[in-house]
Amino acid sequence: MTLLKQFLELGLDCSPIGLGPGPSQGGYFCTPKGMTVLGWEGVDGIHYGRIRGYGDMVFAVNPMPAGEQHVRPLAGSFRDFLRLLLACGSTTTLEQAGDWTREQFDTYLRAPENAVTPDAQAVLERIAAAFRLTPMEDPFSYIKGVQASFDGGKLHYTDEYYDTLGLARPDRREPASQGFEFEAVVFALEKE
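Once you know that position 178 of the sequence shown is 238 in the numbering used here, the rest is easy, because the numbers rise by one and skip nothing.
Hints in this document: simulated from the structure, not taken from any laboratory.
As the structure is a computational prediction, the values presented were derived from the model and not from experiment.
We put the beta carbon where it would ideally sit given N, CA and C, even for glycine.
Keep in mind that a hint or two might mislead.
Here are the computed lysine-lysine pairs in the DSS-like style, where the Cα-Cα straight-line distance is at most 25 angstroms [stated by the list, open to error]:
hint	residue 1	residue 2
1	Lys93	Lys65
2	Lys204	Lys214
3	Lys93	Lys251
Label pairs and their computed distance ranges (CB to CB) [unchecked claim]:
hint	residue 1	residue 2	range
4	Asp223	Gln164	46 to 52 angstroms
5	Arg170	Val245	54 to 60 angstroms
6	Asp73	Ala171	23 to 29 angstroms
7	Arg232	Gly115	43 to 49 angstroms
8	Thr177	Gln66	21 to 27 angstroms
Using the sequences and the hints given, assemble the complete structure.
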């Protein structure tokens, strides 16, 4: 049995660590084809999952990213993803790490308002005990390394992704007319 199946069989409410329930297929314009969602952050449509063809790798999908990338890998395996959660306390830190410097990352983790809640701590302790996992030693470097070595050009998206972002579709098809085109309005200005 895979680690993911064992994890799911625990039946944990992982909402306190940013893996809340929601649709398993995503549903946002930027959710790649073939993604199975593991959980939802609970804000801004951010969700986490695995993508068919990428093995056990875990990704974050953010419909409103700080940068240009809507989809980023976080961990090379589900085991490493859990270890990252143990080190950082929630998915929030993991998802944002790609846009931060080490100083920003460390500052975020140390800030009192970002302290792990008692509910989150209980979930993390249960995960650590069930799988005998220890926190990732250097989560920032790990995440940056995974992201630096990833080729996002092989991800496949729905037509909605390309249309929403105004990008050419890979198959060069034109978007279907949405029926929103209107005749041009011409104004004639006269001087009095």
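Now the hints, each set against the structure:
Taken as a hint, the lysine 93 and lysine 65 pair is honoured in the structure, with Cα atoms around 22 angstroms apart against an allowance of 25 angstroms. This hinted pair checks out: lysine 204 and lysine 214 have alpha carbons roughly 19 angstroms apart, not beyond 25 angstroms. A distance of roughly 57 angstroms separates the Cα atoms of lysine 93 and lysine 251; the hinted pair therefore is violated under the 25 angstroms criterion. At about 33 angstroms, the CB distance of aspartate 223 to glutamine 164 disagrees with the hint of 46 to 52 angstroms.
At roughly 57 angstroms, the beta carbons of arginine 170 and valine 245 sit within the given window of 54 to 60 angstroms. The given range of 23 to 29 angstroms is respected by aspartate 73 and alanine 171, whose C-beta atoms sit roughly 25 angstroms from each other. For arginine 232 paired with glycine 115, a C-beta distance near 30 angstroms fails the hint of 43 to 49 angstroms. A beta carbon spacing of about 25 angstroms between threonine 177 and glutamine 66 agrees with the range 21 to 27 angstroms that was offered as a hint.
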